[in-house]
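Undergrad: Under my numbering, the very last position in the sequence shown is 635; numbers go up by exactly one each time.
Simulated from the structure, these hints should not be mistaken for laboratory data.
It cannot be assumed that every hint is accurate.
[What the hints assert, rightly or not] Cross-link-like lysine to any residue pairs, in silico, SDA-like; alpha carbons within 20 Å at most:
hint	residue 1	residue 2
1	373	389
2	373	387
3	69	45
4	234	124
5	428	622
6	380	156
7	41	58
8	409	264
9	137	57
10	613	558
11	412	402
12	264	609
13	576	478
14	412	481
15	524	452
16	46	90
17	576	373
[Claimed, not checked] Estimated spans, in silico, between C-beta atoms of each pair:
hint	residue 1	residue 2	range
18	421	558	25 to 31 Å
19	548	41	58 to 64 Å
20	382	247	49 to 55 Å
21	278	608	16 to 22 Å
22	558	465	28 to 34 Å
23	45	272	47 to 53 Å
24	72	404	56 to 62 Å
By construction, the Cβ of each residue, glycine as well, lies at the ideal position given by its N, Cα and C atoms.
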Amino acid sequence: MPKIIKSLVIFCFLTSGTAISFASDGDYDLKANYTKQEYYVTMRDGVRLFTSIYTPKDKSKTYPILMKRTPYSLRPYGVNNYPNYLGPNGGDNRFAKDGYIFVYQDVRGKNMSEGDHRVMTPHNDNKTGTENDESSDTYDTVEWLLENVEGHNGKVGIFGISYPGFYSAASIIDTHPAIKAASPQAPMGDIFIGDDFHHNGAFFMLDAFRFFRGFDSGPKNPTKVGRRDSFQFPYEDSYRFFLELGALSNVNDKIFHGQSSFWNDLMNHPDYDEYWQSRAIAPHLNNITANVMTVIGSFDAEDSYGGTAIYNSIEEKNPRTTNTLVRGPWFHGGWVRSDGNFLGNAPFDVETSTYYKENIDLKFFNQYLKDEGDAELPEVLAFYSGENEWREHDQWPPKNAKPYTFYLQENGSLSNVKPAGEGADSYVSDPANPVPYTRAITSGRSREYMVEDQRFAGRRPDVMTYQTDILTEDVVLSGPIVADLFVSVTGTDADFIVKVIDVFPDDFPEHENKYMDVPMNGYQMMVRGEIFRGKYRNSFENPEAFVPGEVANVNYTLPHISHTFKQGHRVMIQVQSSWFPLADRNPQQFVNIYQAKDEDYIKATHTIHRSNDYPSSVTIPRIAN
11 MPKIIKSLVI
21 FCFLTSGTAI
31 SFASDGDYDL
41 KANYTKQEYY
51 VTMRDGVRLF
61 TSIYTPKDKS
71 KTYPILMKRT
81 PYSLRPYGVN
91 NYPNYLGPNG
101 GDNRFAKDGY
111 IFVYQDVRGK
121 NMSEGDHRVM
131 TPHNDNKTGT
141 ENDESSDTYD
151 TVEWLLENVE
161 GHNGKVGIFG
171 ISYPGFYSAA
181 SIIDTHPAIK
191 AASPQAPMGD
201 IFIGDDFHHN
211 GAFFMLDAFR
221 FFRGFDSGPK
231 NPTKVGRRDS
241 FQFPYEDSYR
251 FFLELGALSN
261 VNDKIFHGQS
271 SFWNDLMNHP
281 DYDEYWQSRA
291 IAPHLNNITA
301 NVMTVIGSFD
311 AEDSYGGTAI
321 YNSIEEKNPR
331 TTNTLVRGPW
341 FHGGWVRSDG
351 NFLGNAPFDV
361 ETSTYYKENI
371 DLKFFNQYLK
381 DEGDAELPEV
391 LAFYSGENEW
401 REHDQWPPKN
411 AKPYTFYLQE
421 NGSLSNVKPA
431 GEGADSYVSD
441 PANPVPYTRA
451 ITSGRSREYM
461 VEDQRFAGRR
471 PDVMTYQTDI
481 LTEDVVLSGP
491 IVADLFVSVT
501 GTDADFIVKV
511 IDVFPDDFPE
521 HENKYMDVPM
531 NGYQMMVRGE
541 IFRGKYRNSF
551 ENPEAFVPGE
561 VANVNYTLPH
571 ISHTFKQGHR
581 VMIQVQSSWF
591 PLADRNPQQF
601 VNIYQAKDED
611 YIKATHTIHR
621 SNDYPSSVTI
631 PRIAN
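Can you make the complete structure from the sequences, with help from the hints?
TA: In structure tokens, the structure reads:
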């Protein structure tokens, strides 16, 4: 039985503080306690990377170095300008108060650094001479720091969230001997398979459109301007905007005009070719000697795939390396950007972010960079929503979690018994009327859609809904979700979205932290959902058309969950074929979607088979009560 940890924590308000130029945190004054210096650090190929260094004014002892490498600008620039906090814990200065040397670096080709920026720089396992990647840039930087920064103790730590999380993982390949600890947090791992811009080959249009409108445009480097603002929608309704914009091929003609280099790359590489494969970091995580702690939000809408892939790869390739996984009920970076008490309408009862900061983050770095005690971290620390408790595990997925299969049944039922006879459910998927991913009318993607009430979707005729009877005991699900669908379509391509949903009892009480004004009785909380582009069912490299009317198997893995469906609740599965405009629309014809025209988008009928020969199901590891 895994150890369950009760959390008693206090409230702490957090802000990201990325570009704030004042230097106070309550009674702690960074400027009074730290000296800031700025340098250009030369890499092995002669390119110079802009680097800010903050050193304690107290010279009575030595300090470890804690470094973040970022494409987002290390503002504020200027030796007299300080941020409002230093270190991994957004919004507070517990790391600064504890005593560290902080190093921030603009990565190659971004902001004040020289060179050419490459999105998720491909790692080169066979570098010679002046060839470089993020591992070598980190190595060269660490060498420079050890030689040129006074007052260090010879130990270096790496941290970062999201894109900087990718740099944290890439930085420890063939680890520099001085790097003793690294924490990739919500790291990008593979942006075709499961992070940010594609999920299982389906294009995450809303996020990509907004991000790269601002990210890869702007003045020529080096510059202090930083990232431009993202695209401003003409009205607060992204569903309407993208529907009126039409096919993806219209975007360059109407919006970008060929000026977004990465958008062009997205359009020119529709399949999982060498361009995307080379940017996947997990296959290259070799020779890691740093102690690693990967942090994941189980409700991360952007980068939950990468964290799991990175943890698993380090575990497989570096069996002697300390490799810790922390899973909390957080949105993207929520462990530093919220108190973690709730998300949307989902209550978690305890301030999970505060617990993380007080019991995990600082203790991890102090153990390996300062030799201060044992952080006593388990291999895996996972928060289970539903029961709202932390659990410790010896591995991930948990050793005692056994596959548990939910079969789709007639009359919208769901059970662990394989269907005995024949059966199928059909619906019409219309690209002109796609299923929205949220009931909210908004231009941007919310964090809260990850736990949003799904009743709005289930009432549509193009969403198939299946649910269990009322549960007579708690059902603890922990690990990857595997959707195994048997489908037939009248077109030659189709998307499939599977959602795992916790149906609350009819007498579930209201709570004060609700995001949306919807009743909690009967609430259908999405625990996890994921899309799959059907033409990639056999290979992401070589797409295949469906044969109209012929049964095909669509089998794919959704992101992992750690959730307890409580007694009195139900487990629900929804299946649909659009998730708009979170993901782009499928024309439902076997075409290059990025070159498709408006007239290529057609209606099609999709059938989900649920028979003895074609038993569509969803399997999730279950921990026995």
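Undergrad: All hints are to be evaluated individually against the structure, with a verdict given for each.
TA: Here is how each hint holds up against the structure:
In summary, the hint linking residue 373 to residue 389 is supported, as the alpha carbons are separated by about 15 Å, within the 20 Å threshold. Distance hint between residue 373 and residue 387 is fulfilled; the C-alpha atoms sit about 9 Å from each other, no more than 20 Å. Between residue 69 and residue 45, the direct Cα distance comes to roughly 11 Å. Compliance with the 20 Å bound is thereby established for this hinted pair. Restraint check: the Cα-Cα separation between residue 234 and residue 124 comes to about 12 Å, which is no more than 20 Å; the hinted pair holds.
The straight-line distance between the Cα atoms of residue 428 and residue 622 is roughly 7 Å, inside the 20 Å bound, and the hint therefore holds. Annotation: proposed proximity of residue 380 to residue 156 holds, straight-line Cα distance about 16 Å (limit 20 Å). Between residue 41 and residue 58, the direct Cα distance comes to roughly 27 Å. Violation of the 20 Å bound is thereby established for this hinted pair. A distance of roughly 52 Å separates the Cα atoms of residue 409 and residue 264; the hinted pair therefore is violated under the 20 Å criterion.
Distance hint between residue 137 and residue 57 is fulfilled; the C-alpha atoms sit about 16 Å from each other, no more than 20 Å. Among the hinted pairs, residue 613 with residue 558 is consistent with the structure: their alpha-carbon atoms are about 13 Å apart, no more than 20 Å. Between residue 412 and residue 402, the direct Cα distance comes to roughly 17 Å. Compliance with the 20 Å bound is thereby established for this hinted pair. With a CA separation close to 17 Å, the supplied pair residue 264 and residue 609 stays within the 20 Å bound.
In summary, the hint linking residue 576 to residue 478 is supported, as the alpha carbons are separated by about 13 Å, within the 20 Å threshold. A threshold of 20 Å between alpha carbons decides the hint, and for residue 412 with residue 481 the separation of about 19 Å falls inside it, so the pair holds. Proximity of residue 524 to residue 452 is assessed by CA-CA distance (about 18 Å); at most 20 Å being required, the pair is judged to hold. For the suggested pair residue 46 and residue 90, the alpha carbons sit about 7 Å apart, so the restraint of at most 20 Å is met.
Distance restraint check for residue 576 and residue 373: the Cα-Cα separation of roughly 33 Å exceeds the 20 Å cut-off, and the hinted pair is therefore not satisfied. At roughly 27 Å, the beta carbons of residue 421 and residue 558 sit within the given window of 25 to 31 Å. Checking the proposed 58 to 64 Å range against residue 548 and residue 41 shows it holds: the Cβ atoms sit about 59 Å from each other. Taking 49 to 55 Å as the suggested C-beta distance range, the pair residue 382 and residue 247 conforms, at roughly 52 Å.
Evaluation of the 16 to 22 Å hint for residue 278 and residue 608 yields a pass: the beta carbon distance comes to about 20 Å. Look at residue 558 against residue 465: about 33 Å separates their beta carbons, and that is inside 28 to 34 Å. Checked against the hint of 47 to 53 Å, the C-beta distance between residue 45 and residue 272 comes to roughly 37 Å, which is inconsistent with it. The beta-carbon spacing between residue 72 and residue 404, approximately 36 Å, falls outside the hinted interval of 56 to 62 Å.
Going through the hint list in order, the structure does not satisfy hints 7, 8, 17, 23 and 24.
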